[in-house]
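S.K.: Using the sequences plus the hints, can you model the full thing?
Number of protein chains: 2
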Amino acid sequence: MSSFVVALDVGGTSMKGGLVGRSGEIILTDRRVTPRDKGPAAVVGAIRSFIDELAVAGGGTPAGVGLAVPGLVTADTALYSANIGWRDVPAADFVPLDVPVMLGHDVRTGGLAESVLGAGREISDFLFLPIGTGIAGAIILKGEPYGGTSGWGGEIGHIPVFPTGEPCACGQIGCLETYASASAVARRYSARVAGTPTSPDASATSASRASSSFAATAASPGVPVTAEQVAALTASGDPVAMEVWDDAVEALSFALATYTLLLDPAAIVLGGGLAEAGRILSDPLAERLQERLAFRDAPPLRSAVLGMRAGMLGAALLGWRAAGVPDAGATWPLDVLKSSRVA
Amino acid sequence: MSSFVVALDVGGTSMKGGLVGRSGEIILTDRRVTPRDKGPAAVVGAIRSFIDELAVAGGGTPAGVGLAVPGLVTADTALYSANIGWRDVPAADFVPLDVPVMLGHDVRTGGLAESVLGAGREISDFLFLPIGTGIAGAIILKGEPYGGTSGWGGEIGHIPVFPTGEPCACGQIGCLETYASASAVARRYSARVAGTPTSPDASATSASRASSSFAATAASPGVPVTAEQVAALTASGDPVAMEVWDDAVEALSFALATYTLLLDPAAIVLGGGLAEAGRILSDPLAERLQERLAFRDAPPLRSAVLGMRAGMLGAALLGWRAAGVPDAGATWPLDVLKSSRVA
Chain A
1 MSSFVVALDV GGTSMKGGLV GRSGEIILTD RRVTPRDKGP AAVVGAIRSF IDELAVAGGG
61 TPAGVGLAVP GLVTADTALY SANIGWRDVP AADFVPLDVP VMLGHDVRTG GLAESVLGAG
121 REISDFLFLP IGTGIAGAII LKGEPYGGTS GWGGEIGHIP VFPTGEPCAC GQIGCLETYA
181 SASAVARRYS ARVAGTPTSP DASATSASRA SSSFAATAAS PGVPVTAEQV AALTASGDPV
241 AMEVWDDAVE ALSFALATYT LLLDPAAIVL GGGLAEAGRI LSDPLAERLQ ERLAFRDAPP
301 LRSAVLGMRA GMLGAALLGW RAAGVPDAGA TWPLDVLKSS RVA
Chain B
1 MSSFVVALDV GGTSMKGGLV GRSGEIILTD RRVTPRDKGP AAVVGAIRSF IDELAVAGGG
61 TPAGVGLAVP GLVTADTALY SANIGWRDVP AADFVPLDVP VMLGHDVRTG GLAESVLGAG
121 REISDFLFLP IGTGIAGAII LKGEPYGGTS GWGGEIGHIP VFPTGEPCAC GQIGCLETYA
181 SASAVARRYS ARVAGTPTSP DASATSASRA SSSFAATAAS PGVPVTAEQV AALTASGDPV
241 AMEVWDDAVE ALSFALATYT LLLDPAAIVL GGGLAEAGRI LSDPLAERLQ ERLAFRDAPP
301 LRSAVLGMRA GMLGAALLGW RAAGVPDAGA TWPLDVLKSS RVA
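Sequence order for the protein chains is A and B. Under this note's numbering, read the first sequence as residues 1 to 343, first letter to last. Under this note's numbering, read the second sequence as residues 1 to 343, first letter to last.
Fair warning: there could be bad hints in the mix.
The following residues of chain A were derived to be distant from chain B, with all beta-carbon distances above 12 Å [unchecked claim]:
(1) LEU28
(2) GLY39
(3) GLY60
(4) ARG87
(5) HIS158
(6) SER282
Here are some, though not all, of the chain B residues that point toward chain A, as calculated from beta-carbon distances under 7 Å [said to hold, decoys possible]:
(7) THR34
(8) THR149
(9) GLY171
Have a look at the derived ranges for each label pair, beta carbon to beta carbon [claimed, not checked]:
(10) B/PRO90 <-> A/SER150: 38 to 46 Å
(11) B/ARG22 <-> A/ASP297: 41 to 49 Å
(12) A/PRO239 <-> B/THR74: 34 to 42 Å
(13) B/ALA42 <-> A/GLY171: 38 to 46 Å
Rather than coming from a laboratory, the hints here were simulated on the basis of the structure. Don't be surprised by glycine CBs; every beta carbon is placed ideally from N, CA and C.
M.R.: Next up, the structure:
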């Protein structure tokens with residue numbers, strides 16, 4: 001068997017690729033633009049080319065290929081992505097080589113990596129919650145991501161935390177995402193400073209945008225701001241920023257209380273851009289979450305440890321599973337992972 | 001191996017027992033009062049006596065014993081029940097015979113029965129939601145109940161559906177149970193008719209009360225009423241009843257939308273007393289649930305089919321599992337089950 005797999009995390013903006021060895025060594029990482037504006041066939045073509053280039057760089061045929069993709073997906077078919085526009089793409093279409101391949105949902109594949117290699121390494125049941133442009137969760141049960149009956153599970157970003165609250169771009173009312181995503185924080189602060197009513201960013205509807213964009217600018221043209229800046233303003237005592245930040249914490253506390261009461265997780269692993277704010281998010285959130293729960297303890301909040309690499313590392317695990325090594329990752333040393341950097 | 005197991009569903013008010021054969025034939029059912037007011041040791045003693053009587057009636061030693069009990073429970077220990085008051089009771093303490101025994105959580109054991117024998121027989125992932133004095137759910141994943149990391153999962157009755165709503169007896173605000181349990185419906189109607197502010201029944205805090213009491217009278221002494229009566233008044237156009245009923249439907253629709261977005265179930269199986277109201281509950285609930293979901297279909301609502309027998313039948317499955325027959329139930333004929341009646 002070849003000594004490496006090709007791993008690809010396909011996002012709406014960029015694709016993060018890597019070569020990962022049998023013992024978890026990250027041989028190479030690279031990145032390409034996702035040519036989403038050229039249509040789904042161009043994206044499939046770009047994935048094929050990127051996989052081919054990575055394999056060539058590896059000096060041979062990989063043992064397998066793992067891909068994390070957005071939308072609705074099974075292990076062997078990318079069924080649907082609103083973000084990219086494809087429908088029913090067989091796994092083999094992504095790969096220009098005759099090697100085994102396994103697909104995974106982007107957020108859940110990141111959650112798998114956190115489960116096997118990251119913040120969930122010593123626990124089996126937890127929520128992986130990346131908070132970025134959007135919010136989607138990976139429900140990890142017995143160490144593995146759970147996607148529900150039809151693959152639409154984990155949409156915690158769209159649970160109604162404030163039933164009579166603000167409209168969400170998804171068409172629902174009072175969704176978590178419309179208060180607590182990084183984009184929402186930036187948008188709601190900008191709107192208040194500009195004195196305009198808030199309205200959600202229409203692009204913030206897919207589960208696939210959770211992994212980045214803490215630094216994304218808000219929609220309001222007059223007052224561009226990032227969630228990172230709102231966090232800094234909150235820390236410095238700016239009253240408008242504090243109010244917007246508090247709304248985000250409040251919304252998250254209700255959503256996490258609900259998750260805790262339903263699924264009794266061992267921990268909640270916060271990731272994505274907003275979690276980079278650190279304790280200005282996690283301290284009030286932990287306190288508020290416990291206040292919401294009268295008859296049980298809140299689970300601990302943890303920080304995700306794999307960052308932007310989670311999707312690619314999860315894809316590497318899928319690649320090794322495709323190659324017939326289902327326990328890949330269990331013995332990988334954490335220091336190897338810590339040394340990795342996505343280009 | 002003996003041809004039958006002893007099955008017991010231990011509730012706070014009564015214990016439902018039965019003898020169930022290898023092919024699912026219900027040989028006998030019986031019922032005893034739970035002597036909860038005499039303390040936990042008396043309850044354990046009553047369970048021992050009841051099991052002994054059932055075994056004698058069966059004419060021999062059972063192949064195994066299954067017990068559904070309230071509170072926190074593992075397969076071999078009843079860890080804690082606020083309702084009954086016990087702590088750390090080993091399974092063997094309940095059984096006066098040297099036979100294998102398995103314990104299960106009351107609501108989840110009912111859910112197991114609906115999964116293997118009832119409304120979930122042809123699906124693998126669903127929510128079993130008995131709505132009675134209280135509300136607790138059994139999350140069924142891949143055919144089996146899921147209890148979370150520490151056994152506290154499924155507390156959908158206490159998720160915050162209205163963040164600034166009415167106080168719940170549990171100490172939280174706006175819990176589903178405080179609007180939509182059978183007791184809540186009766187209590188809220190009575191309070192409105194009497195012109196007093198609503199306040200939750202202080203006894204409605206444990207997950208174990210979900211299975212009965214549609215006919216329970218409300219707390220307000222002046223205007224005793226049952227949820228069944230409120231349902232009838234709603235059907236006849238009584239405006240106060242319609243408002244209370246609508247609040248219950250509204251609260252349930254938010255809770256089920258949240259469940260659907262998180263766990264993507266194949267169906268939601270409604271049981272317990274309030275579900276006996278039939279389409280006056282399920283029709284508006286199905287419509288409201290779909291209204292809450294902008295980007296996905298709502299799962300179908302189904303009626304539980306095992307009724308009050310669910311817990312005892314689930315306990316019978318546990319008894320057969322304890323006896324080394326893990327696939328008990330898979331081939332049991334439904335008509336046998338339909339003919340059973342708990343005394």
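S.K.: Now tell me, hint by hint, if it's right for this structure.
M.R.: These are the hints, each one checked on the structure:
no., hint, in the structure
1, LEU28, "36 Å, holds"
2, GLY39, "22 Å, holds"
3, GLY60, "39 Å, holds"
4, ARG87, "16 Å, holds"
5, HIS158, "5 Å, violated"
6, SER282, "20 Å, holds"
7, THR34, "22 Å, violated"
8, THR149, "4 Å, holds"
9, GLY171, "3 Å, holds"
10, B/PRO90 <-> A/SER150: 38 to 46 Å, "42 Å, holds"
11, B/ARG22 <-> A/ASP297: 41 to 49 Å, "43 Å, holds"
12, A/PRO239 <-> B/THR74: 34 to 42 Å, "50 Å, violated"
13, B/ALA42 <-> A/GLY171: 38 to 46 Å, "56 Å, violated"
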